Amino acid sequence: MSDDKLLEIKDLSIHYFTEEGIVRAVNNVQLSLRRGETLGLVGETGAGKTTTALGIMGLVPDPPGRVVSGEILFGGRDLLRLNKGQMRRHRGKDISMIFQDPMTSLNPIMTMGDQIAEVIRLHEKLSRADANRKAAQVLEMVGIPAQRMNEYPHQFSGGMKQRVVIAIALACNPQLIIADEPTTALDVTIQAQVLELMSQLQSELHTSMLIITHDLGVVADSCQSVAIMYAGRIVESGRIEDIYEDTKHPYTKGLFSSLPSLSTKVKRLKPILGLMPDPANLPAGCPFHPRCDSCMPICTELDPQDTGLGNGHMVRCHLYGQHDAGEDLA
Amino acid sequence: MATMTETPTLDMMTDVRRSQLAETWKRLRKNKLALAGLILLLFLVLVAIFADLIAPYPFDKQNYDAVLQKPSWEHLMGTDEYGRDILSRVIHGSRISLRVGFISLTAGALVGCILGAIAGYFGGRTDNLIMRANDILNGIPRIVLAIAIASAFKPGLTSALVAIAVSSVPNFARVVRAATMTVRDQEYVEASRSLGASHARIIVSHIFPNILAPIIVQATLGIGTAILLCASLSFLGLGVQPPIPEWGAMLSSARSFMRDYPYMVIAPGLAIMLTVLALNLFGDGLRDALDPKLKK
Amino acid sequence: MLRYIAKRLLTMIPVLIGISFIIFVLMYFTPGDPAEMLLGDLATPEQVDALREELGLNDGFFQRYFNYMKGLLKGDLGKSYVSKMPVWDEIATRLPVTARVAFLVAIFAVLIGIPIGILSAVRQYSFIDSITRVFALLGITMPSFWLALLLVLLFSVQLGWLPPSGLYGPIYYIMPILSISAVSIATITRTARSSMLEVIRQDYVRTARAKGQYERVVLFRHALLNAMIPILTIIGIQFAGGLGGAVVNEQVFAIPGLGKLMVDAIKARNYPLIQGSVLVLAVLQSVVNLVVDILYAFVDPRIRSQYSRKVGKKAPKLAVAAAAASDEAAATTLEGGDI
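Top to bottom, those sequences are chains X, W and R. End of the first sequence sits at 419 in my numbering; the numbers just go up one at a time, nothing left out. End of the second sequence sits at 309 in my numbering; the numbers just go up one at a time, nothing left out. End of the third sequence sits at 388 in my numbering; the numbers just go up one at a time, nothing left out.
Derived by calculation from the structure, the hints in this document are not laboratory data. Please read all numbers here as calculations on a predicted model, not as lab measurements. For glycine and all other residues, C-beta sits at the position ideal for the given N, C-alpha and C. Some hints could be false.
[Unchecked claim] Label pairs and their computed distance ranges (CB to CB):
| hint | chain 1 | residue 1 | chain 2 | residue 2 | range |
| --- | --- | --- | --- | --- | --- |
| 1 | X | 373 | W | 195 | 42 to 48 Å |
| 2 | X | 234 | W | 213 | 48 to 54 Å |
| 3 | R | 340 | W | 81 | 48 to 54 Å |
| 4 | W | 269 | R | 217 | 19 to 25 Å |
[Claimed, not checked] Simulated coverage check for chain R against chain W, where a stretch passes if three residues somewhere in it have a Cβ under 8 Å from a Cβ of chain W:
| hint | stretch |
| --- | --- |
| 5 | 77-88 |
| 6 | 105-112 |
| 7 | 324-336 |
Could you build all of it, start to finish, from the sequences and the hints given here?
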């Protein structure tokens, strides 16, 4: 089983050390991703999704951020043990990232062609002319005529810019693409196009993908497995059908019941009451307990551990822990 | 937010502003350098106000028995070629410099703000006209402009004031214009326009309070520049004239004795530097405090 | 690009006309009679009046302005009241001195200020950063003529290493350039630092890192080029500062430049010479402003596309925004550095 794991994150913690205190953005995160698989990392703003992604890329801004503990195994090698040069050679070639806001992710004073050719020339021994030729091909692949190579970002619309960002990410046929809310900044109609483009290219190129989103609809459309993140922790993860049909964690349940559904008629959507805690000042015990409907005394004292439910379905909640008798509550 | 469609009342707006002020002060207090600048500035202002009490001698008291004395307990910074106590003159000089800095800058700022606000608010041809005039003033290096203006008057305090005031107009016009343009199309301005408020009223009561931050910052830093300019003009003999104890003028006359009495050029220069330093530290801190996103 | 340059050159004309008008008005209303000053106290009223007539001082405002503008268009700046030489000839011998000092100051300030500013930004909060910020603050707050005096005290009076005045060889340039450029170095350093700090946090810099780009290339190709716009603005303004600094510090070092010529002319109420000097300094500054504007367009395609060819409606708006942004950057960093 472990052979086909492309990415395995073990016990990853990333903290930001600021003047106001330590912001525990990512805490003991466990994640794994098989080759060719698409994993959705879901959570509210500030849950630590982007920090996790930057951790994989080795791009956590330091200072103030630092990886405090853990391993990030990529094809069996711990990325955290690589030196800067080795990590740099991985970035853009084996792992690439699509950023959230296409409006600001492209260099405003470089042509689109140069920005794509840049990553190609870094990782493939090609002449300038060959790199440009390949850049043109990649651009065509994401549906932009190659003539537009010499234009600048301000001449492109948001959706077109995101296509270029995707082209940059795909240019070197990476094994893993991390897409950080790739459609949030786009119009709804464009969102669908971009998502479709991404999943089409992924299936053509057999790339693994980690999609970061707060949109469960996106996950349902394009992912095989899901990890739900809350206050820097993965609270529930597993195959998509397990999570959607056999939801365990109260937070995940809350997420689903706050969604409008087409199949069942609901009078009123049920929001999760309260706000996510400040990651600089997490409550004791389970960080979700102040908002949890099923809160028990132990939840205010002890942070729960991961509990395997079989078939790769993991949950981090006292309701399912070995030491609890809370099964009947579920 | 849906309930906020009605125009915010004046009370709400002043409340918001008051809490912004408190917030700014809180951030400013955390900035040690800015606080140091503020304390130094207050100290200098107090020195200027109580110059008569603090100064050990009258600034113009000549004493031909004690000319060109090295610093001693009697004359902490020595005496000049007329036997005047340099420390006393430097202390009195703070009055001149702070006054010139403050008055000239206020005048220049007022004109600059009005022109900038008009240009930014109305845009189009008005903007073009004002900004071209601005370009003209900007085409002349500032000290050269100040020299040219000062030379049109009899050298003295007034000529320095006018020269510095006029030459500070373009900066303000530019800052205020840019700020006005960002505020001009905000909803609350649209709202009061749609309610039929006059242009003058919109500028004064809606635009101006919202662009106060850059103006205050610019003014604080501008006083420092004005003081430097005044010293330069006086140093060239085109500004404040001796025997008035202006720092630049003092340096100008100390120059002739510098070879043998180097202490004479230390105190006035140090005084200029400290004053401008105080204003800069405070101004920079104020900018960070008023616009936290710039600091991040 | 050529169109852009041509257009900018055209906009210089009204500015220069405006400048010449302002200078004329200032001189016109100046109190004091140059004729009296020239002839001294012993002159008879008849002599004074004859000289006034000769100098054209008895003509009305418009007549005098007309004559002055007619001369200007022919490249004639008038005759010096004192030496009776054409103003242009007097200026021509002095201008190269001041221009050379100002350009050397600008180059020196750019070569020192930009790298230090970048280093300071890249190593934010480090020891180097703190030292840089302290020195930059001192540079901005110290009057340049005072620094000049202190340098003379140290290097000429105390150590005897450098000549205190005159301009007879390369060694004579050291102290003038050091003293004048302190402000410029400080201002450019501060601007480069803040501009770099801002750009380093931009998403496209992260994108470049995510491509696996070398950190050096990320900093120079992606960050610095984008940070150049506000830095360019400041360099233009600092050139004005250098010119101004030269004007003042020529007095300290007894340098026979345009500034000394002008200040001496003011003391002698020698109007044509004052007018001529100010005008020449303004032209020099305007040319530098033009060059800076052209450099903007080189760096920033958004500004370039506004002029080089007709594009959609979006581009000019963007360019205006970009220009406004650089304007604001200039204004906020302007103070303290423009003497």
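Here's how the hints hold up against the structure:
1. The given range of 42 to 48 Å is respected by residue 373/X and residue 195/W, whose C-beta atoms sit roughly 45 Å from each other.
2. Our hint of 48 to 54 Å for residue 234/X and residue 213/W holds, since their Cβ atoms are close to 53 Å apart.
3. Against the hinted window of 48 to 54 Å, the Cβ-Cβ separation of residue 340/R and residue 81/W comes to about 49 Å, which satisfies the hint.
4. Separated by about 23 Å at the C-beta atoms, residue 269/W and residue 217/R satisfy the suggested range of 19 to 25 Å.
5. Note: the stretch 77-88 of chain R has 4 residues with beta-carbon separation from chain W under 8 Å; the three-residue rule is met and the coverage holds.
6. Residues of the stretch 105-112 of chain R with a Cβ under 8 Å from some Cβ of chain W number 0, which does not satisfy the need for three, so the listed coverage is violated.
7. With a cut-off of 8 Å between beta carbons, the stretch 324-336 of chain R has 5 residues touching chain W; three or more are needed, and the interface restraint holds.
In this structure, the one hint that does not hold is number 6.
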